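As given, the protein sequences belong to chains E and B, one line each in that order.
Under the numbering used here, the residue at position 145 of the first sequence is numbered 145, and the numbers go up by one with no gaps.
To convert, take the position in the second sequence, counting from 1, and add 263; that gives the numbering used here.
Hints were generated in silico from the structure; no laboratory data involved.
Quantities reported herein were computed from a predicted structural model and do not represent experimental measurements.
Careful: at least some of the hints might be erroneous.
Every beta carbon over 10 Å from chain B, so not counted as near; a handful from chain E, in silico [stated by the list, open to error]: (1) N6; (2) K8; (3) P78; (4) T82; (5) R88; (6) F96; (7) H110; (8) E131; (9) E148; (10) R170; (11) E244.
Restraint ranges, calculated between C-beta atoms of paired labels, are given here [claimed, not checked]: (12) N152(E) with K327(B): 55 to 61 Å; (13) M288(B) with D55(E): 57 to 63 Å; (14) T57(E) with N474(B): 54 to 60 Å; (15) K271(B) with T57(E): 37 to 43 Å; (16) Q637(B) with S223(E): 53 to 59 Å; (17) P124(E) with N347(B): 25 to 31 Å; (18) K553(B) with L122(E): 18 to 24 Å; (19) L324(B) with G15(E): 42 to 48 Å; (20) P249(E) with P645(B): 32 to 38 Å; (21) L118(E) with E620(B): 33 to 39 Å; (22) F509(B) with K132(E): 31 to 37 Å; (23) K657(B) with L118(E): 23 to 29 Å.
We treat Cβ as the ideally placed atom computed from N, Cα and C, and that holds for glycine.
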Amino acid sequence: MEPVLNVKNLTMNFGGLKALDDVNISVEKGQIAALIGPNGAGKTTFFNCITGIYDPTKGYVEITPPGKRPERIKGLKPNHVTEKGMSRTFQNIRLFHGMTVLENVMIGRHCRLNSGILSAMLRPGSQREEEKKVVSDSYEILEKIGLEKYVNEMAVNLPYGAQRRLEIARALATNPFILLLDEPAAGMNPQETKDLDDLIIWLRDNEDLTILLIEHDMKLVMSLSDRIHVVDYGKKIAEGTPEEVKNNPDVIKAYLGDESDDA
Amino acid sequence: MVTKKEIKQSVVIAFWFMLLTFPIMVIKVNTIKNEVIFRWQALFWTGVGTFFASLIWNYFLRLKESKKRADIKDDVPTVHRLLNTPQFRTPFLLAVGVFFLAYPFVFPMYHTSIMISALVYVMLGLGLNIVVGLAGLLDLGYVAFYAVGAYAYALLNLHFGISFWVVLPIAAVLGAICGTLLGYPVLRLRGDYLAIVTLGFGEIIRIVLENWSEFSKGPRGIPDIPPPGLFGIELGQHATVIYIYFIVIALVLTTIFFVNRLENSRIGRAWIALRDDEIACQAMGIDKFKTKLTAFALGATWASLGGVVFAAKTSYINPMSFTIWESITILCVVVIGGMGSAIGVIAGALVLILLPEYLRAVAEYRMLVFGALQVIVMVFRPDGLIKSVRKTYKFERAEK
Ligand SMILES: Nc1ncnc2c1ncn2[C@@H]1O[C@H](COP(=O)(O)OP(=O)(O)O)[C@@H](O)[C@H]1O
Ligand SMILES: [Mg+2]
């Protein structure tokens, strides 16, 4: 299988702190891969580095959009990375609070549309067509994610779990082929987590998506993932199927922590 | 009801204020007779006034708190609710239309002239609203583009005899170009830094206009700027004012029309997204820099148009018309009216500009009143007088 995301020797220094140290991760097409590790291990930093929000100190990031040749994306601006088909959600929910739920999703469509200022002011037929289409497309996405009852609500007024799902809907609107989810189940109750589990599998199967997720809920990670990558203190310490990772002594040590060392 | 605690608090505040304002309220030095007068009754009135003001303040705060707890969602401003009810919409708009149509014929010229100023501020406010209210870029040098428009008309007319109607589109383009040129270097800055740099830029423009006499005639300014022409017909003074009034009305309507369209377009949504969360906005595939630049350039376009009208109306301009206070007044219009809300900005402009004109007492303390208003609005209505409401969409399929 071809990797659609290939990251080599990724290193990120914040002053003296090595938040990422020579990390190699590759994700294959159609996989649900997980990136796990204790708090502060550098998982979010990994996402920020490959999506262009941070410019990594060193390393090599390559994506392969469907039907295209591999492209290097290190150093690209976040909006260009998204345009190329890699989209993400945020751990600390970052919705546009001054907008309705539908508009949040419409923002995701932005990079797939092209009407500019003049056409917004003059509203020629092409702009009206485009506008109509973006509204119905966005509504369709909300239906898929199960948020259609909130269409015209302001995004801030949504319950927490729905806000997390809206983040996914918004990312989906950019037409990605690979989706990066940063702790999508954080703060969800068991029922919401279960629904999320179903949603992620549905997305992989029906939307032809490759998914890389960061998650702390081990039950969710173990049931969902085809492959798990483990980082600790910015270093990758293990990789494998859920079974392999579960029994890896390094992983157990990283999770059970230093208490065993100190004792 | 008023609690004991509140009364106690108000008493403390009253005493505090009496102490604080003692030097200015009580002591008066008569330099001619070389004596100091103590106005003790002023102290008393300060105390009483502050006491009751504090009680009222607390009352409204409590009112606001209880309202917030009651229901958060259902706080669409009354104006919007009226505009969305068909029975009210037509009569309401009709009434507003008739009022503004009849205005210059009913009221004397002086009032028409004041209304023109207010309407120019509506234009400026709506333009700045794009920059500050929608795109979230704090621009304190907005007046620079206003000056660009005014001087464009004055100078082009002086040297080449170009008429108002020809200058109008030229000034719009010039404003957009200036906005882009300035925006290009400064829009890499954020928040406070952007505010400081734009403030500096506004002042630079004014200082250049003041000192580059060969170009701008310096502080003496440019007199005898002709009013807009009407197919070569000579208009009397009163007729000219009425004519300009209707031109401004037309421009304001055009502005509202375009701004409304922009707000609910791909670009307009991108501005709001940028204002709400820059990082998420970029991660959603929006080019941050380009989006900011369009907002900045478009805001400048309207400022420039406003400048042309201003020059045509006053027939005399000099650099003193374009000080930092002008920028701040326009910013107050936007913030007090309601950031991002076109109706709010219109209301803000009418209140803030007409109030000082008709209440002479207010005019003297203009900035003080603006400041106080700002504080009151920020405490009680943080979204402005009339806050913005986003467009809602209907879906038939939602029924199934
Ligand atoms: N912008 C930044 N500047 C400095 N340090 C940072 C920055 N972002 C993250 N870090 C540090 O990098 C480390 C990894 O953080 P993060 O990637 O958020 O961890 P997590 O695995 O919990 O998502 C932490 O020690 C954090 O303090
Ligand atoms: Mg994290």
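Structure-based check of all given hints:
1. Here N6(E) stays apart from chain B, with its beta-carbon at least about 21 Å from theirs, past the 10 Å limit.
2. Against chain B, the non-interface label of K8(E) holds: every CB pair exceeds 10 Å, the least being about 23 Å.
3. Separation of P78(E) from chain B is inadequate, the least Cβ-Cβ distance of about 4 Å not exceeding the 10 Å criterion.
4. Remark: the non-interface label on T82(E) conflicts with the geometry, its nearest Cβ contact in chain B lying 4 Å away (cut-off 10 Å).
5. With a cut of 10 Å on Cβ distances, R88(E) falls inside the contact zone with chain B, its closest approach being about 6 Å.
6. With a least CB separation of 4 Å from chain B, F96(E) falls inside the 10 Å interface cut-off, contrary to its annotation.
7. Taking the minimum C-beta to C-beta distance to chain B, about 5 Å, the non-interface status of H110(E) is violated against the 10 Å cut.
8. Remark: the non-interface label on E131(E) conflicts with the geometry, its nearest Cβ contact in chain B lying 7 Å away (cut-off 10 Å).
9. The Cβ of E148(E) sits about 6 Å from the closest Cβ of chain B, inside the 10 Å cut-off, so the non-interface label is violated.
10. Not every CB of chain B is more than 10 Å from the CB of R170(E) (nearest about 7 Å), against its label as outside the interface.
11. Non-interface call for E244(E) relative to chain B: holds, since the shortest CB-CB distance, roughly 32 Å, exceeds 10 Å.
12. Under the hint 55 to 61 Å, the C-beta atoms of N152(E) and K327(B), about 25 Å apart, miss the expected range.
13. The beta-carbon spacing between M288(B) and D55(E), approximately 59 Å, falls within the hinted interval of 57 to 63 Å.
14. For T57(E) paired with N474(B), a C-beta distance near 49 Å fails the hint of 54 to 60 Å.
15. In this structure the hint that K271(B) and T57(E) lie 37 to 43 Å apart at CB is violated, the actual value being about 60 Å.
16. Taking 53 to 59 Å as the suggested C-beta distance range, the pair Q637(B) and S223(E) conforms, at roughly 55 Å.
17. Checked against the hint of 25 to 31 Å, the pair P124(E) and N347(B) passes, with Cβ atoms roughly 27 Å apart.
18. Taking the beta carbon of each, K553(B) and L122(E) are about 20 Å apart, inside 18 to 24 Å as hinted.
19. For the hinted restraint 42 to 48 Å between L324(B) and G15(E), the CB-CB distance of approximately 45 Å keeps it satisfied.
20. Remark: the range hint 32 to 38 Å for P249(E) to P645(B) is contradicted by a beta-carbon distance near 55 Å.
21. The hinted window of 33 to 39 Å between L118(E) and E620(B) holds, with their beta carbons roughly 37 Å apart.
22. For the pair F509(B) and K132(E), the beta carbons lie near 36 Å from each other, so the given range of 31 to 37 Å is met.
23. Look at K657(B) against L118(E): about 28 Å separates their beta carbons, and that is inside 23 to 29 Å.
Checked against the numbered hints given earlier, the structure breaks hints 3, 4, 5, 6, 7, 8, 9, 10, 12, 14, 15, 20 and satisfies all the rest.
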